[in-house]
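Novice: Take a look at the letters that make up each chain.
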Amino acid sequence: MTIKTSNHAVSRRKALLGLGAGASALATTGLMPGTMGFAQAQSSSPIKIGFQKHATGIGAAYGRWYDATTTAAVQRINDSGGINGRPVEIVTEDDGTDPSRGAEALEKFEKQHSCDVAFGTLFSHVVIGSAPRAAELKLPYFVVSEGHHVASGMLNRYTLQPGITDVKSQVVSMAPFIAGNLGKKVTMIFPDFAFGHDHRDFFTQAIEAQGGEVVAKIAIPPTETSFTRYFPSIPRETEVIYHVMVGPAVLTFVKEMGEFFGPSRPEIFGFIDSLEAVGIDSPGLEFLEGTYFWEGMPRHVQGNQSDVEKTYRAAVGCDDRGASIDDPADVSTYAHMFGCWETLNVIKAGMEAADYQGPQDRTKLIEAVEAMTDMPESLDHPQGAKLFNGKTHQVFGQQFISKVVDGKLAVEHVTTIEEGLYEDEVDYTTQPF
Amino acid sequence: MTVARKINALHFGILLFLLICFFTLPAYHVGALSRIMVLAIYAIGLNILFGYTGLLSLGHAMFFAAGMYGLGLSIKFLGVSVVLAFGIGILSAAVLSALVGLLALRTAGVSFMIVTLMFAQTVYLVVLYFGEFTRGDEGFVLQQAERMLAGFDVTTEAGRYFVAFGAFSICLIGFSALVQSSFGKRLVAIRENEERARMLGYDVWRYKLLAVIISGTVSGAAGALYALLFGYVGATFASVQYSILPLLWVLLGGAGTTIGPLIGVAFMFYLIDASSAYTSAYMLIAGLALVVLTMFAPRGIAGILRTKVSPWLP
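Protein chains in written order, with full-length UniProt numbering: chain A, 1 to 433; chain B, 1 to 314.
For the record, the hints were derived by calculation from the structure and aren't laboratory data. Please read these numbers as outputs of a predicted model, since none were measured by experiment. Among the hints, a few may not be true.
As the list claims (entries may be wrong) - DSS-like mimics (lysine-lysine), calculated; alpha carbons at most 30 Å apart, straight line:
| # | chain 1 | residue 1 | chain 2 | residue 2 |
| --- | --- | --- | --- | --- |
| 1 | B | Lys76 | A | Lys138 |
| 2 | A | Lys217 | A | Lys185 |
| 3 | A | Lys403 | A | Lys184 |
| 4 | A | Lys408 | A | Lys185 |
| 5 | B | Lys76 | A | Lys217 |
| 6 | A | Lys48 | A | Lys364 |
| 7 | A | Lys391 | B | Lys76 |
| 8 | A | Lys255 | A | Lys185 |
| 9 | A | Lys391 | A | Lys138 |
Whole structure, please, built from the sequences with the hints as guidance.
Specialist: See below:
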C-alpha cells in the first residue's frame, strides 16, 4: 500500500507566512529554527524515504507500530526543519511480511517513487530477501530487524542497521546476568528455525563463558500448537528456563508451562519478542509473575524515567503501560519500535554530514554513516547511548532485563554496551559500491 | 493459415511483444516482467500436470524449492559454477518429482491432492530442520559475484530480463510443442477420460508419472532461475502459500492453455500491485477477482478467448 506521509504542506504555510512578514519575521524565525528550515525547504523537493512495512502477514502488529513510530519521528524531523532544509516524505509499501514482495517494494521505491533511501522492516527473511535488490539498485537500505544477518557479513554495503542492536549482541549480553543471578544450569526452549537457532548457538557459547551450561535444548517445530509433551524433557537439575517462543501459539505455551510447573518452578527468562503487542497482564499470563524478560526498551514507565524517554513515549502515542493512548487494549511493540525512530535520526545525521542532495550522493551518505561511532543518549536516541560499528554496519547498545512484578515489567538490570560487543565478522567498507 | 501456423504466430507474437516491452516500458515494469516471466515458467510447470493431465497438485512449492535449494546450496557449499548449479537444481527437482510421483500416483483425486500437500509440507519442514545449511526460514543470499552465468551478469536489469526472457521462450515453445505432440494429446486423453485411455491400451500410470516428472522439473527450473536472478533462497518459497499461488495463476489465466500461465501471473501481479496502492486488503480484492472469474469464466481468461474468439488456442 502506498501512503505518503508528509508534513511539508504545513511547513510551506509556515514558510510563506515567514517570508510574507519580511525582515521582522526573519528575526522571528531566528527564534524558531524549525521555521527557518522550512523557508529553505520552500524551493526544495522533499527527501523521500521508502518505508517497507509489514502491513499484512505475520508481522502486521509490528508493522502497525513501526508505522506509528516512523510517522512520529518524521513529524519531529520536519518540525525541526527537515533534512538539509528539505522536508521528509515517507512512501510506504506493504511487504506482506514476504521476501518476494519485500524485494518488489524496493523496486517500487527506486523506480516508481524515486526514493532517496529505503528503510524499515523487522522480519529477517524479508530483509535477507530484499537486500540483494538494494545492492543491485544501489539503494541504501536501513533495516530495523535486529537479525544478525547484517553483522554476519551475509548482506552488502548498501544494507545497514544503525538503529537497533542485533540478536547476537542481545543474547551475549544477557548471559552474565542469568549466570550471576538466576542460575548456571539452563534449559533452552526455542522455535526450531533460524531465529531460535541463533539464540541456541549464541547463548550456549555466552553462558559457557560465564561458567554455566545449557543442560537441555528443546527445539519446538514451528507448526506446533500444544507444548505439554515437551515439558517432561526439562531436566530436574534445571535452574533456569530460557524461552524465545514466538508466534500465535505463545500464549498457549505460557499457559501450558504454568500448568506443568504449578507453584514450584525454576527461574524463567524469556525474550519479550514472544509477547510484543500482547498485554503482560492478559488473562492466562499470570504464570509469568516473577519471571524475567529481555527488553530492547522498557515497555512500562519506570520510576527513574528520563525526560527523553517521556518525550519519546508521548510522541509515539503510548501510555505508561506501552499501550496506545487512544486504545489501552492496543499494546505496542515498544521493545523494538524505537529502532525506527533512531534509524530515521541516523539517516538525517548521515545526510547532513554528507551534504546529501540527491541519489548521486548515496555513496557519500553510506560513507557518512559508516564513519559514525558514538551516539549519545538524546531525543535522537531515546533508548540510550549507542556505538556504531561502520565496518559491520551494526549498532550496539544497552539492553534491559525486566521482572514481571504485579503485572508490570520492572527493570532489574541494564547491561552496558561493552557487554554486547563481539568480534567483527565482516568489513563492509572494503566492498566496492 | 493452418492451426499450427496460427499457434506459432501467437507464441512468437507474445515473445516479440515481451522483447519490445524491454525497450519501451518504464524501468519498474521491465523489472516486474522479469519476475512475471520466471513465475510464469513455474505456472507452466503446474499447468502441465493440472491443466493438461487433470492431476491437481497442492504441493508444487516443493519442486520450486528443490530447484531453488539445488542451485543455492551447490553454489554456497560446493562452489560450483552457476551453469552446473543450475543443472543440479533442475536435477534435484527431477529426482524429487520422480520420487513423489512414484508414491503419490498410488492415489487419485482428493487423495492425490492431500498426499502432494503433505509431501510439500515435509519438504518445507526438512528445509527448516536442516537450518544449519539452509538457514531455515531466514534463508540466505547469493552474492552478486556468485551469480555470473557463463560470464554474463544476471544482476543487471538487462541481464536479468534477457535471461528470464530466454528461459521463458524455451519453456513456452517447448510447452507448446509438448501439448501438440502425441504425448501431449495422450495426457489430454487421460484428463478427459482416464478409463477410456486405459481401454485404448495406453499405460496411463506411466504417462501420469512422466507428467509429474516434467511438471516438477519445469517448476524446479523456475525455482533455480528465481534464486539466480533475485539472489535469495528461503523457506518461504517452500511454504504452502507458494503451492497455492501457481494454482491461482493457472486458474485465472486458463488451465489447459499454453498462454494461460503468463496471463494469470501478469493479471495477478498487476492486480495486487494496483490494488495495494489503495488498500491493505488487496488480497481480498484478488480473492474477489478469483471468485468472479470462477463464477463467470471458469475456464480462465485464455479459456474465454478459446471459447469466444479462437477455438484453435492450444
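Novice: So, for every hint listed, does it hold in this structure?
Specialist: Each hint tested on the structure:
no., hint, in the structure
1, B/Lys76 with A/Lys138, "24 Å, holds"
2, A/Lys217 with A/Lys185, "12 Å, holds"
3, A/Lys403 with A/Lys184, "18 Å, holds"
4, A/Lys408 with A/Lys185, "27 Å, holds"
5, B/Lys76 with A/Lys217, "28 Å, holds"
6, A/Lys48 with A/Lys364, "17 Å, holds"
7, A/Lys391 with B/Lys76, "23 Å, holds"
8, A/Lys255 with A/Lys185, "23 Å, holds"
9, A/Lys391 with A/Lys138, "18 Å, holds"
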